[in-house]
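For the sequence shown, the UniProt record's numbering puts the final residue at 515, and the numbers step up evenly by one.
Do not rely on the hints blindly, as some may be mistaken.
Derived SDA-like pairs: lysine to any residue, alpha-carbon spacing no greater than 25 Å straight-line [stated by the list, open to error]: (1) K398 - G427; (2) K398 - P311; (3) K398 - R425; (4) K398 - D444.
Pairwise CB distance ranges, derived in the manner of DEER restraints [claimed, not checked]: (5) P471 - V31: 50 to 58 Å; (6) T283 - R322: 45 to 53 Å; (7) P311 - E437: 44 to 52 Å; (8) A459 - S495: 26 to 34 Å; (9) R507 - H407: 50 to 58 Å; (10) A81 - R462: 20 to 28 Å; (11) R462 - P311: 26 to 34 Å; (12) L506 - S248: 34 to 42 Å; (13) R192 - T279: 24 to 32 Å; (14) R322 - G366: 38 to 46 Å; (15) D465 - L80: 34 to 42 Å; (16) D492 - H285: 51 to 59 Å.
Simulated from the structure, these hints should not be mistaken for lab results. Computed from a predicted model, the values in this text were never measured in an experiment. Backbone N, C-alpha and C fix where the C-beta goes; we use that ideal spot for every residue, glycine too.
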Amino acid sequence: MGWLDRVGDQVDALTHARALQEASRSAESYVLLERVIRTTTDPAARADALVQRLSALINLGRTAEFTRAIEEASAAVRDLAEPYLHGHLNALAALAAHHQGALDRCVMHLVRAARALGAVADPDRDTAWGWHDLAMAYSYLSFHGYALGAIERARQLGLTAGIPEETFAAPGIRLRNAVALDHNGDSDGCLRVLRDVAADLARFKRTGRASQLRPSSLAAYGYAAARQAALGDQVETDGDTEPGRLISHGGDSARARDLRQLGQVCLAVAAGRPIEAVTRLDTIHVSTETLGAAEPARLRSIALARAGDHPAAHRADRLAFRLAAQRNDRLRDVYIDGIAARIDHEEMRREAARFEGEALTDPLTGLPNRRRLERYITAVVTRGERVVIGVCDLDGFKAVNTRHGHHSGDLVLQRIAGVINRVMRRGDFVARYGGDEFVVVLPDTGMSEAAEVARRIEAAVRLEDWESLVPGTPVGVSIGFAEVSGGSGLRDALSVAFEQADREMLRAKSRPRAS
Numbered sequence: 001m002g003w004l005d006r007v008g009d010q011v012d013a014l015t016h017a018r019a020l021q022e023a024s025r026s027a028e029s030y031v032l033l034e035r036v037i038r039t040t041t042d043p044a045a046r047a048d049a050l051v052q053r054l055s056a057l058i059n060l061g062r063t064a065e066f067t068r069a070i071e072e073a074s075a076a077v078r079d080l081a082e083p084y085l086h087g088h089l090n091a092l093a094a095l096a097a098h099h100q101g102a103l104d105r106c107v108m109h110l111v112r113a114a115r116a117l118g119a120v121a122d123p124d125r126d127t128a129w130g131w132h133d134l135a136m137a138y139s140y141l142s143f144h145g146y147a148l149g150a151i152e153r154a155r156q157l158g159l160t161a162g163i164p165e166e167t168f169a170a171p172g173i174r175l176r177n178a179v180a181l182d183h184n185g186d187s188d189g190c191l192r193v194l195r196d197v198a199a200d201l202a203r204f205k206r207t208g209r210a211s212q213l214r215p216s217s218l219a220a221y222g223y224a225a226a227r228q229a230a231l232g233d234q235v236e237t238d239g240d241t242e243p244g245r246l247i248s249h250g251g252d253s254a255r256a257r258d259l260r261q262l263g264q265v266c267l268a269v270a271a272g273r274p275i276e277a278v279t280r281l282d283t284i285h286v287s288t289e290t291l292g293a294a295e296p297a298r299l300r301s302i303a304l305a306r307a308g309d310h311p312a313a314h315r316a317d318r319l320a321f322r323l324a325a326q327r328n329d330r331l332r333d334v335y336i337d338g339i340a341a342r343i344d345h346e347e348m349r350r351e352a353a354r355f356e357g358e359a360l361t362d363p364l365t366g367l368p369n370r371r372r373l374e375r376y377i378t379a380v381v382t383r384g385e386r387v388v389i390g391v392c393d394l395d396g397f398k399a400v401n402t403r404h405g406h407h408s409g410d411l412v413l414q415r416i417a418g419v420i421n422r423v424m425r426r427g428d429f430v431a432r433y434g435g436d437e438f439v440v441v442l443p444d445t446g447m448s449e450a451a452e453v454a455r456r457i458e459a460a461v462r463l464e465d466w467e468s469l470v471p472g473t474p475v476g477v478s479i480g481f482a483e484v485s486g487g488s489g490l491r492d493a494l495s496v497a498f499e500q501a502d503r504e505m506l507r508a509k510s511r512p513r514a515s
């Protein structure tokens with residue numbers, strides 16, 4: 001018995017919504033799913049519709065709506081003992097977290113998704129699609145080996161459930177593997193993978209199954225061929241497999257739109273029109289998540305080299321390599337931070353047991369809240385330890401809410417919380433105090449060390465890619481620190497320190513910033 005056999009309401013509508021998304025018609029699927037959510041009284045049907053709606057939003061690239069969609073789907077799935085649903089939701093949440101730039105949350109969801117999908121006792125076609133979406137999330141995060149393993153699992157389950165092999169061809173996984181090799185300097189390895197992708201398409205065409213490929217797969221095959229040609233490889237095509245025609249597929253997917261725009265750049269290079277390619281790169285805007293932040297810079301390097309401007313080509317190539325290296329550094333940091341988080345979690349879990357029954361965590365950011373902060377500072381000062389507190393207030397947050405809405409504001413707060421946490425030292429404490437204000441506590445620290453912490457926080461916030469999250473709205477942070485004096489009563493000392501830190505923060509906010 002599959003998952004949909006357990007759903008007692010509007011099964012036909014949910015099945016049709018799936019078919020629309022498989023055909024890259026996510027906007028239509030979204031409308032149908034909204035109707036199911038509004039009208040169903042069956043918890044299983046509502047949960048399924050909410051999970052599917054998240055998938056549609058990801059396909060459409062509606063980033064600002066991800067957080068609320070995940071929260072609503074999680075609430076609906078929480079009480080349903082169905083591993084498939086938990087696994088598929090976490091796979092989609094991983095994709096969403098990746099597009100939001102939250103790599104730590106992305107990795108957490110990847111682990112949860114793999115565990116839940118692996119626990120499905122009676123896997124069916126829906127489970128196969130869960131593994132497919134997990135493979136996509138692995139691929140976007142550059143975990144290419146895991147992605148290939150997950151898509152093979154999806155393919156095997158799909159064949160058992162009667163899904164044709166070509167449905168899970170997933171050329172995009174190998175395409176991202178290929179361009180990652182090129183970004184890191186291995187163009188020969190990139191070409192080998194792209195040729196394998198082309199051979200795969202030729203096999204489907206030879207056996208008469210190319211017409212059954214999903215639109216998103218056709219777009220990926222088209223970009224792979226265009227990219228191969230841009231690198232100077234001879235690409236054999238006919239009318240049906242001509243790269244320009246293939247990249248026109250992909251439906252209403254945001255990723256397909258990116259492939260079409262970048263694909264036209266590749267085709268201009270391959271056709272001997274490198275200046276046109278550079279001009280196109282100057283006018284298009286694509287997500288850094290589709291093929292990696294380094295892809296536009298790498299294409300610019302290839303085009304400039306073809307145009308004979310080798311110094312500029314070299315600069316663009318160095319930029320591409322640097323962007324690829326930054327991605328690797330972030331993945332390394334997520335791994336290291338994950339180990340530290342596990343240790344911290346165990347320590348916090350033991351401490352939180354003393355305050356059982358009280359809410360001590362901010363639900364939006366996952367940071368300790370004001371109550372937890374006050375207890376922590378009291379405990380540290382009572383032990384006689386030297387301590388500095390810092391007040392961090394966001395710059396530009398009102399404009400974020402005004403121009404982009406409160407959902408985007410929530411995303412900015414979540415991103416800021418992650419950034420501050422990432423640059424803090426071992427043993428420091430971070431809390432959300434309220435609104436767009438965060439507080440950091442630095443035990444056994446003086447003001448000179450606090451100034452260095454402030455510099456690290458400001459630099460990390462400044463280097464975040466806010467343009468992709470809230471275009472046209474810069475985000476910064478102003479910070480003020482003060483040392484807690486033990487000379488007066490504890491409560492008075494804390495109050496004085498907070499007031500002083502707040503004044504220092506306001507002075508920092510009023511100072512002119514370097515442009």
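Here is what the structure says about each hint:
| no. | hint | verdict |
| --- | --- | --- |
| 1 | K398 - G427 | 32 Å, violated |
| 2 | K398 - P311 | 43 Å, violated |
| 3 | K398 - R425 | 29 Å, violated |
| 4 | K398 - D444 | 35 Å, violated |
| 5 | P471 - V31: 50 to 58 Å | 26 Å, violated |
| 6 | T283 - R322: 45 to 53 Å | 23 Å, violated |
| 7 | P311 - E437: 44 to 52 Å | 47 Å, holds |
| 8 | A459 - S495: 26 to 34 Å | 31 Å, holds |
| 9 | R507 - H407: 50 to 58 Å | 32 Å, violated |
| 10 | A81 - R462: 20 to 28 Å | 46 Å, violated |
| 11 | R462 - P311: 26 to 34 Å | 29 Å, holds |
| 12 | L506 - S248: 34 to 42 Å | 54 Å, violated |
| 13 | R192 - T279: 24 to 32 Å | 31 Å, holds |
| 14 | R322 - G366: 38 to 46 Å | 31 Å, violated |
| 15 | D465 - L80: 34 to 42 Å | 36 Å, holds |
| 16 | D492 - H285: 51 to 59 Å | 53 Å, holds |
Taken one by one, the earlier hints fail for this structure at numbers 1, 2, 3, 4, 5, 6, 9, 10, 12 and 14, listed in ascending order.
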